[in-house]
Each structure stands twice: as C-alpha cells, then as structure tokens.
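Kindly generate the complete structure, drawing on both the sequences and the hints.
The residues making up each chain are set out below.
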Amino acid sequence: MNISALFKPNREATHYPGFGAVGILFFSFLYFPILVIITYSFNSNRIVSVWQGFSWKWYASALQNEGLLNALQVSFTVALFATLIATAIATAAALVLSRGKNVKHAKLSQAVVNLPLMLPEIVFAVAILILFSQLGIQNGMLKLILAHSAFCIPFAFLPIRARLQGMDNNLEQAAQDLYATPLVTFRRITLPLIAPGIFAGAMLSFVISMDDFITSNIVSGGGATTLPVYIFSLVKQGVSPELNAISTLIMVASLLIATPCWLIAKRSR
Amino acid sequence: MKHAINIKNVSKYYGDYRAIKDISFDIRDNEFFTLLGPSGCGKTTLLRMIAGFEIPSGGVIKLHGTDIQALPAHKRCVNTVFQNYALFPHMNVAQNIGFGLEMLKWSEENIAARVDEMLELVHMRPFAARMPAALSGGQQQRIALARALAPKPEVLLLDEPLSALDLKLRQSMRDELQQLQRDTGITFIFVTHDQEEALAMSDRICVLAEGEVQQLSSPNEIYENPINKFVADFIGETNFMAVTIGAVNSATAAITNPLGIQLNVPNAGYRPGQEATMSLRPEKISINTQGLEVNLQGEIVHRTYMGGYTHYKVRTANGIELRVSKRNTISNDTEYQLQQRVDIGFSKTSVRVLCQ
Amino acid sequence: MKKLSLNFWGLLPAYLVMSLLMVLPLLIIFYVSFMSSDPYGGYKAVFSLDSYTQILYSYDWDENLVLNLQYLKIIARTLLLSAATAIICLLISFPVAYYISRQSHTMKTLLLYLVTLPFWVSMVVRVYAWVLILSNDGVLENGLRFFGLIGDIDSLLYNNGAMMVGMVYTYIPLMILPIYASIEKLDSRLIEAASDLYSSRMNTLRRIILPLCKPGIVAGFVLVFVPSLGTVLEPMLLGGGKTMMLGNLIQNQFGVARNWSFGASLTVLLLCIVLIFLMFQARRTNLNKEFS
Numbered sequence: 001m002n003i004s005a006l007f008k009p010n011r012e013a014t015h016y017p018g019f020g021a022v023g024i025l026f027f028s029f030l031y032f033p034i035l036v037i038i039t040y041s042f043n044s045n046r047i048v049s050v051w052q053g054f055s056w057k058w059y060a061s062a063l064q065n066e067g068l069l070n071a072l073q074v075s076f077t078v079a080l081f082a083t084l085i086a087t088a089i090a091t092a093a094a095l096v097l098s099r100g101k102n103v104k105h106a107k108l109s110q111a112v113v114n115l116p117l118m119l120p121e122i123v124f125a126v127a128i129l130i131l132f133s134q135l136g137i138q139n140g141m142l143k144l145i146l147a148h149s150a151f152c153i154p155f156a157f158l159p160i161r162a163r164l165q166g167m168d169n170n171l172e173q174a175a176q177d178l179y180a181t182p183l184v185t186f187r188r189i190t191l192p193l194i195a196p197g198i199f200a201g202a203m204l205s206f207v208i209s210m211d212d213f214i215t216s217n218i219v220s221g222g223g224a225t226t227l228p229v230y231i232f233s234l235v236k237q238g239v240s241p242e243l244n245a246i247s248t249l250i251m252v253a254s255l256l257i258a259t260p261c262w263l264i265a266k267r268s269r
Numbered sequence: 001m002k003h004a005i006n007i008k009n010v011s012k013y014y015g016d017y018r019a020i021k022d023i024s025f026d027i028r029d030n031e032f033f034t035l036l037g038p039s040g041c042g043k044t045t046l047l048r049m050i051a052g053f054e055i056p057s058g059g060v061i062k063l064h065g066t067d068i069q070a071l072p073a074h075k076r077c078v079n080t081v082f083q084n085y086a087l088f089p090h091m092n093v094a095q096n097i098g099f100g101l102e103m104l105k106w107s108e109e110n111i112a113a114r115v116d117e118m119l120e121l122v123h124m125r126p127f128a129a130r131m132p133a134a135l136s137g138g139q140q141q142r143i144a145l146a147r148a149l150a151p152k153p154e155v156l157l158l159d160e161p162l163s164a165l166d167l168k169l170r171q172s173m174r175d176e177l178q179q180l181q182r183d184t185g186i187t188f189i190f191v192t193h194d195q196e197e198a199l200a201m202s203d204r205i206c207v208l209a210e211g212e213v214q215q216l217s218s219p220n221e222i223y224e225n226p227i228n229k230f231v232a233d234f235i236g237e238t239n240f241m242a243v244t245i246g247a248v249n250s251a252t253a254a255i256t257n258p259l260g261i262q263l264n265v266p267n268a269g270y271r272p273g274q275e276a277t278m279s280l281r282p283e284k285i286s287i288n289t290q291g292l293e294v295n296l297q298g299e300i301v302h303r304t305y306m307g308g309y310t311h312y313k314v315r316t317a318n319g320i321e322l323r324v325s326k327r328n329t330i331s332n333d334t335e336y337q338l339q340q341r342v343d344i345g346f347s348k349t350s351v352r353v354l355c356q
Numbered sequence: 001m002k003k004l005s006l007n008f009w010g011l012l013p014a015y016l017v018m019s020l021l022m023v024l025p026l027l028i029i030f031y032v033s034f035m036s037s038d039p040y041g042g043y044k045a046v047f048s049l050d051s052y053t054q055i056l057y058s059y060d061w062d063e064n065l066v067l068n069l070q071y072l073k074i075i076a077r078t079l080l081l082s083a084a085t086a087i088i089c090l091l092i093s094f095p096v097a098y099y100i101s102r103q104s105h106t107m108k109t110l111l112l113y114l115v116t117l118p119f120w121v122s123m124v125v126r127v128y129a130w131v132l133i134l135s136n137d138g139v140l141e142n143g144l145r146f147f148g149l150i151g152d153i154d155s156l157l158y159n160n161g162a163m164m165v166g167m168v169y170t171y172i173p174l175m176i177l178p179i180y181a182s183i184e185k186l187d188s189r190l191i192e193a194a195s196d197l198y199s200s201r202m203n204t205l206r207r208i209i210l211p212l213c214k215p216g217i218v219a220g221f222v223l224v225f226v227p228s229l230g231t232v233l234e235p236m237l238l239g240g241g242k243t244m245m246l247g248n249l250i251q252n253q254f255g256v257a258r259n260w261s262f263g264a265s266l267t268v269l270l271l272c273i274v275l276i277f278l279m280f281q282a283r284r285t286n287l288n289k290e291f292s
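Residue numbers (the numbering used here), protein chains in the order written: chain A, 1 to 269; chain B, 1 to 356; chain C, 1 to 292.
Source of the hints: derived by calculation from the structure; they are not laboratory data.
Ideal placement from N, C-alpha and C gives every residue a C-beta, glycine not left out.
Each hint should be verified, as a subset may be incorrect.
[What the hints assert, rightly or not] Per the computed footprint, the stretches of chain A lying under chain C, defined by three or more beta-carbons under 8 Å from a beta-carbon of chain C, are:
hint: 1; segment: 28-36
hint: 2; segment: 101-112
hint: 3; segment: 133-147
hint: 4; segment: 168-176
hint: 5; segment: 210-217
hint: 6; segment: 250-256
Okay, here's the thing in structure tokens:
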C-alpha cells in the first residue's frame with residue numbers, strides 16, 4: 001500500500017475516491033481492540049487503564065490459573081473429538097455429493113448437511129438442551145462433544161466440498177483409464193488431492209468448536225466448563241490485567257493455528 | 001487536413017517497464033485506421049489511453065485539435081467496442097444500446113428512436129428485448145457496435161472485436177465493419193494482431209512492436225514495401241536471406257546474395273560492406289514460367305496443399321530453400337511432385353533489401 | 001435383500017446426526033411450546049397456548065389478561081438492532097471489499113487474511129476487547145478526555161450503541177467476504193464500458209456495479225442479519241444485561257426463569273422470523289437469477 005498514491009488524483013474509471021480511506025479506517029477498527037488487549041496485558045498496574053510499566057507477571061499468573069487450565073483441557077478434548085467426528089461425516093457426505101453417481105435428493109442432502117448454518121445458534125442450543133434433558137444425559141463432556149459435532153459438520157463440509165468441486169473430474173477418469181480400480185483411484189488420486197480440503201475443514205471445525213460460546217454456555221454444566229465459558233465468567237467479574245494476558249495468549253494460539261491453515265489453503269488452490 | 005487524433009510524444013511506463021516509447025503520429029478524419037502488432041506491442045495500451053482508461057506517463061493526445069488529457073473517460077466523445085463486448089449482463093439489448101444516450105441525458109423519445117435506428121443498422125431489430133446472455137457471439141458483437149455507435153462518437157475505438165468469433169463469422173464481420181465505417185463516416189481505430197484483418201479493412205495501418213511505431217502506411221505499401229525486417233516478417237510470409245552490400249554508386253547498389261544472382265537495387269543510402277536482409281515473397285516466385293529476369297534450378301522438397309494455393313519448398317542448386325506459393329488457377333492443374341526438378345524464376349523488382 | 005449403494009452409506013451418518021441432533025430437538029421445541037409451563041421448572045404435558053399469549057399479554061393481580069409490551073419491546077429491539085447492524089456492515093463492507101479487489105495480488109491475499117484473521121480469535125475475547133475500550137475509565141474515555149473532547153460522562157458501555165458496535169465488529173467479516181467475491185467476479189471492463197458511455201462514477205456504481213454485486217450483497221446481508229437475530233453475548237457484556245435481546249430472553253427462560261414452554265414459544269417465534277426473512281430473500285434472489 002503506497003500511502004502517497006492515496007493522495008494522487010486517479011482518473012481511472014474503476015477507481016473510487018474515498019474507498020481507500022474507508023478501507024484504512026476499517027482495518028484500524030478491526031485491529032485496534034486487539035492491540036489494546038495486547039498492550040494492556042503487559043501493564044504491571046492492577047488497575048488496567050492506568051499504565052505503570054512493562055511486566056510479564058500477568059502471563060505468569062495466567063499460566064498458573066487452575067480454572068483456566070481445566071477449561072482449556074475440556075475445550076481441547078471436546079474440540080478434538082468433535083473435529084474427528086464432524087470431519088469424518090463431512091468427508092463422506094462431500095464425496096457422495098460431488099462424486100457419487102445418480103445421487104437422489106442431492107439438493108435436500110446438501111441443505112441437511114448445512115442445516116446448522118441456517119439457524120441462529122441460540123435456537124440450536126436450547127433445542128439440544130431440551131433433547132439432552134429429555135434423554136437424561138448428564139455427562140457434561142458427552143453433551144458438549146455431541147452438540148459440537150453436529151454444528152461443526154457444515155464447517156468441515158464446505159472446504160472439502162469446495163476442494164472436490166475445484167478438482168478436475170478427468171483426473172479420476174484418467175486414473176481409471178490407466179487401469180486403476182475405483183478403490184485404488186480413491187486412495188492414490190482423490191484422497192491425496194482433497195487432503196488439503198480435509199485439513200482445512202478439520203482445522204476450521206476445531207477452531208469453531210474451541211471458540212464456541214453460545215451452545216457451550218447453555219449445554220455445559222456437569223463439571224465441564226469450556227474455555228470461552230470460563231473467560232466469559234471472568235469478564236463478568238470485570239476487566240483485569242490477567243484477563244488481558246489470557247486473551248492475548250488465546251489470540252496468539254489462534255494466530256498459530258490460522259496462519260498455516262491459510263497458507264495451505266492458498267497454496268493448494 | 002484536419003486530424004481526428006494527434007498523438008505527440010506519448011509514452012507509458014508500468015514501473016520500470018516501458019509499454020509505449022515516445023510515439024507520435026496522426027489519425028485522419030473519417031479513416032479506417034488500424035493499430036497492428038503482436039501481443040504486448042502496446043497497441044491496446046495506446047487505444048486505452050485514447051479512450052481515457054489509462055493515463056499517459058508523458059506526451060499529449062488531441063481529439064480534433066483539443067487536448068483531452070484532463071478529461072476522464074466519461075467525458076470523451078470517443079466510444080469503445082470491447083474485446084469481449086462488455087455488454088451489461090443485467091440490461092437487455094435496447095437498454096444496453098440506450099445506456100450512453102441516457103447518460104448524455106437524451107430525452108426518452110430520442111433514445112427510443114436512436115436505439116431503433118441502431119438496431120436497424122446492425123440488423124438486430126427483433127432482438128431488442130433479449131438479454132445479452134441469450135445472444136450468440138456474433139449477435140453480441142453487433143450489439144456492442146450499436147451501443148458504441150449510438151452516441152455518435154467522434155472516434156470509434158475497436159479493441160480486437162473480432163478475435164472471439166469463429167473464422168466464417170469473422171470474415172463476414174470484416175465486410176460489415178468496413179461498410180459501417182463508410183456509412184457512418186466515423187473515424188475507426190481498430191486494434192488487432194491479425195495481419196489479414198488489418199490488410200483487408202484498413203485505409204492506413206500502423207505497425208507497432210515493443211512500444212514503437214515500425215511503419216505507418218497504406219496496406220499495399222506495408223505489404224509491398226516493408227520498412228524493416230520486423231514488418232516484412234510480421235505481415236505476410238516471406239523468404240529472408242542474409243546479404244551484403246557490394247559496389248555502390250549514386251543510383252544503385254549491388255547486392256551480394258546467397259542465390260548467386262546479379263542483383264542491383266536502387267541505392268537507399270547503403271554503404272559498401274553493410275550487412276542487410278533480402279526479402280522475397282513466396283507468391284512472387286513462379287515455377288516453370290518463361291520470360292522472367294532471374295531463373296534458377298531447384299528441387300521440390302516439401303509440398304503443402306491448401307486448396308486455393310499450394311505451398312512448395314524448393315531447394316536451389318546452392319542449397320538455399322525457398323518458399324514458393326502457387327495459385328491453383330486451373331482445376332487438375334499440374335501438381336509438382338516431391339523431388340521433382342523445376343525451374344523457378346522471379347522479377348528483380350520483387351526483391352526488397354532491408355537494413356534493420 | 002437389495003444391496004444399498006455407496007451413496008446411501010456415505011450420506012447416512014450426516015442424516016443420522018442431523019436428524020437426531022438438529023431436527024428432533026427442533027420438533028421437541030415445537031411440541032414444548034404448546035405445553036403449559038410448570039411453576040417448578042420444565043413443562044407440563046398439558047396442551048396450552050399460554051406460552052404464546054404470554055408474548056403479548058400478562059396476568060395482572062386479578063388474573064386478567066393485560067397487554068404487556070415488555071417482550072414486544074425486546075423483539076422490536078432485536079429486529080431493529082439486527083437490521084441496523086447489517087446495514088452498517090454493508091455500508092462499511094462495500095467500499096472495503098471494492099478497495100481490496102483493486103489491489104495487487106499479494107496485497108489482496110494479505111488484506112483478505114487480515115479480514116478473516118479475527119474470525120479465528122475467540123468471539124468472547126473479541127467482545128471483551130470492547131468492554132476494555134468502552135468501560136468506565138477505559139481506553140476510549142481516557143483518550144477522549146485526554147484530548148479535552150469530553151468532560152465527565154456516563155459510561156460508554158451498557159447501551160444499544162455499545163451493543164451495536166460489538167455486533168458490527170463480530171459479524172462484519174461475514175459481510176465483506178461474499179461482497180468481495182461478487183466484486184472479483186465483476187468484469188472491470190463493464191465499469192470501463194459504462195464510463196466510456198458517458199456514465200459518471202456515481203452513476204456507474206448505481207447502475208452497473210451495485211446491481212451486478214447484488215447476489216454478494218444479499219448473501220452478506222443474510223449472513224450478518226440471521227446470526228444477529230440470535231445474538232446473546234454482546235447484550236450480556238456490552239448491554240449490561242438490562243438491554244436484552246431475543247436471544248437473551250430465550251436463554252433466560254431455559255436458565256434462571258425455568259419456563260421452558262415460554263422459552264420454546266419464543267424460540268419458535270425467532271425461527272419464524274428467520275424463515276420469513278430467508279423466504280423473502282430467496283424470492284428476491286430468484287428474481288435476480290432471471291438476469292443471468
């Protein structure tokens with residue numbers, strides 16, 4: 001982005017003056033809050049808004065916070081299981097819907113898989129809460145894994161499906177033309193080629209599950225508190241420097257997951 | 001003569017890359033002017049600068065004597081027919097044609113009348129209510145033409161408009177375009193990389209390469225008297241031979257050539273010992289014909305039958321392979337066979353000596 | 001027995017999960033919404049429309065039905081705030097998406113990465129950032145005071161404005177991405193052609209660019225508006241619990257209030273709002289399809 005170019009009059013028909021300024025304001029709006037959290041997480045003062053000096057101490061206390069570590073463990077376990085279940089189901093569905101022959105009700109099936117995307121999450125959350133109470137499921141962990149698996153399916157499905165659609169159908173036909181059986185074709189051609197899509201889908205479900213608040217907040221209980229729910233309870237108690245440090249840690253972790261995913265998705269395109 | 005467009009010292013840089021290098025020429029009023037060159041020669045950039053989509057890095061462009069540098073595209077009285085037509089997909093044919101008039105704030109009755117007139121002009125009246133997606137390539141082409149002509153531009157710019165059409169359609173559109181230009185009397189600036197198209201339609205052709213004007217002349221002049229090796233090679237087919245300038249006097253220069261023939265050409269400022277290239281078009285060489293200035297013996301080494309023509313490759317006694325093309329004027333004409341020995345001949349005036 | 005195809009087995013798990021964990025619960029919600037409430041929590045299996053009348057009416061001391069606008073206000077606020085959020089997102093997103101589409105390839109990749117990155121950051125953390133900024137003696141208040149722009153003020157937090165800032169912040173990437181996709185698909189020669197035909201920039205925007213980007217704009221609107229209707233977090237953290245939205249009201253019925261049938265009827269209401277909106281949009285998109 002050349003700053004001086006922003007002020008040079010541009011007469012090209014496709015150029016709209018002012019859009020660049022909106023863009024810069026938007027990105028400031030998007031990243032200013034994040035920078036605020038990171039900055040204040042290093043403030044040694046217990047009163048968050050008054051800067052006293054640089055310190056790592058809130059990170060030290062965050063990492064010793066037992067409630068936080070417990071919540072992290074719960075979230076991680078739930079996300080891991082939900083991702084495995086959702087990705088497996090989504091992969092099978094995506095393969096059938098884009099490679100299957102004479103699939104009946106393909107449109108309906110597509111809608112069914114994407115159902116969670118069409119509802120506000122709170123609807124799903126209370127509905128599944130009632131279901132669990134009707135079935136008498138008490139185990140918090142089990143409830144979380146089941147609920148997360150369900151709403152993660154479309155997030156795993158979409159990247160895999162996109163990958164399959166972007167893939168040349170002829171490749172599989174070429175393999176079969178070269179005497180590969182359908183099973184060998186799948187293992188040697190289809191699977192390696194859609195692997196980046198499966199990976200992207202899995203990572204997306206993992207992050208969606210780790211981040212979920214609305215459903216987890218309603219469904220959890222029975223001793224299983226997820227990370228976002230735990231952080232929420234901290235936020236309810238008020239702004240604190242330790243919370244800033246925790247938030248920063250979570251953002252760094254997200255960045256570490258998001259960046260390689262982004263790169264893989266980019267390169268595989 | 002009044003000029004439709006003056007281009008003076010125009011250049012265009014993209015970073016360090018010089019797309020247009022200090023070009024100057026004029027385009028006359030009411031002429032069919034073609035910018036011809038290979039892809040990347042700067043012809044489309046030049047057209048886009050006239051249209052106002054790109055701004056020259058230096059130089060002046062004038063439209064009928066007025067400097068148009070300060071005018072954005074939507075205030076210039078020039079219209080463009082785009083390569084892929086750029087018809088607005090959400091508007092029907094009539095709305096597309098009327099769009100420019102609407103922007104110029106014509107009254108509704110006048111727009112309707114003009115749209116009708118334009119549809120008539122391009123023989124598309126029954127299609128007024130169609131959406132562009134429901135038209136064939138040739139029909140879209142006509143609508144794009146009608147849309148660009150509707151506002152009565154001073155100059156019409158055509159950016160490779162025929163390149164997306166198939167061969168037959170392309171040939172018939174050539175005639176139509178030429179007719180349209182004569183009927184409307186509007187200056188046409190036509191961009192193409194197809195030399196045949198350029199020769200067929202243009203009043204004058206400007207051959208561009210690497211951002212520079214190579215030659216600007218009538219089609220006949222460009223084909224018969226190319227100014228340099230690039231032009232001779234780019235337009236039509238030819239036989240090139242490396243030659244050296246021999247003895248020179250004020251009127252003529254002797255050319256030492258690999259065919260081993262006596263050859264004198266008018267002296268165009270040659271220096272003795274200068275390296276040059278000799279060009280001889282395949283259709284200027286005849287096979288087994290009497291009464292030509294230069295006669296050589298050779299053997300047919302390759303033959304390609306093209307229907308109306310047959311292209312031969314003939315190897316002469318001193319090992320030079322010449323391309324010769326022969327019109328098949330009589331059916332069941334004698335076809336020369338491979339390895340057949342033949343006499344070939346040509347007139348010395350057919351030879352061109354090019355220094356660059 | 002007829003051999004079932006690979007297609008069947010491939011789709012079976014998805015159908016099973018979706019029908020057991022999505023469709024069945026929704027049917028139960030629908031059923032519960034027509035049951036009467038149980039003062040001890042949950043519901044009683046007795047048919048009653050009370051939970052629906054309760055949305056508009058309540059019983060006074062003498063057990064008479066009186067109009068009660070308390071919940072209607074919450075519903076109206078939900079609709080208004082969601083619509084406002086979607087419109088603000090649209091107004092910001094279109095120029096931003098257009099700006100991104102005009103950049104070089106590397107710059108585009110980088111900017112799109114920057115747009116999607118906040119998505120990967122926990123929503124609670126992102127909303128918390130605004131608590132930090134807007135709270136009493138928070139970053140914004142101190143900043144404004146430092147420049148002498150404000151004196152003593154009430155908190156910037158705990159009002160509709162704060163909630164909306166949070167909602168726009170949360171949902172705006174969902175608006176930018178589909179709009180960006182539709183702008184990328186737009187042939188820039190169409191813009192040039194319009195300008196060649198004497199159309200000013202504003203005219204080209206109105207007559208060519210916006211109509212052709214409509215699918216992206218509609219998609220973005222749906223993607224922002226629908227989740228906004230079910231917003232829970234922003235009202236709790238930025239609205240301070242006093243300014244509730246429909247999502248909070250529903251959540252409360254299943255939590256503190258323990259009035260399942262009322263909660264269920266509110267959920268059915270929310271679902272109906274979403275369905276009506278989606279049907280309306282689908283019809284408009286179908287109309288658009290006739291163009292292409």
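These are the hints, each one checked on the structure:
no., hint, verdict
1, 28-36, "holds (count 7)"
2, 101-112, "holds (count 6)"
3, 133-147, "holds (count 4)"
4, 168-176, "violated (count 0)"
5, 210-217, "holds (count 5)"
6, 250-256, "holds (count 4)"
Against the hints set out earlier in the document, a violation occurs for number 4 only.
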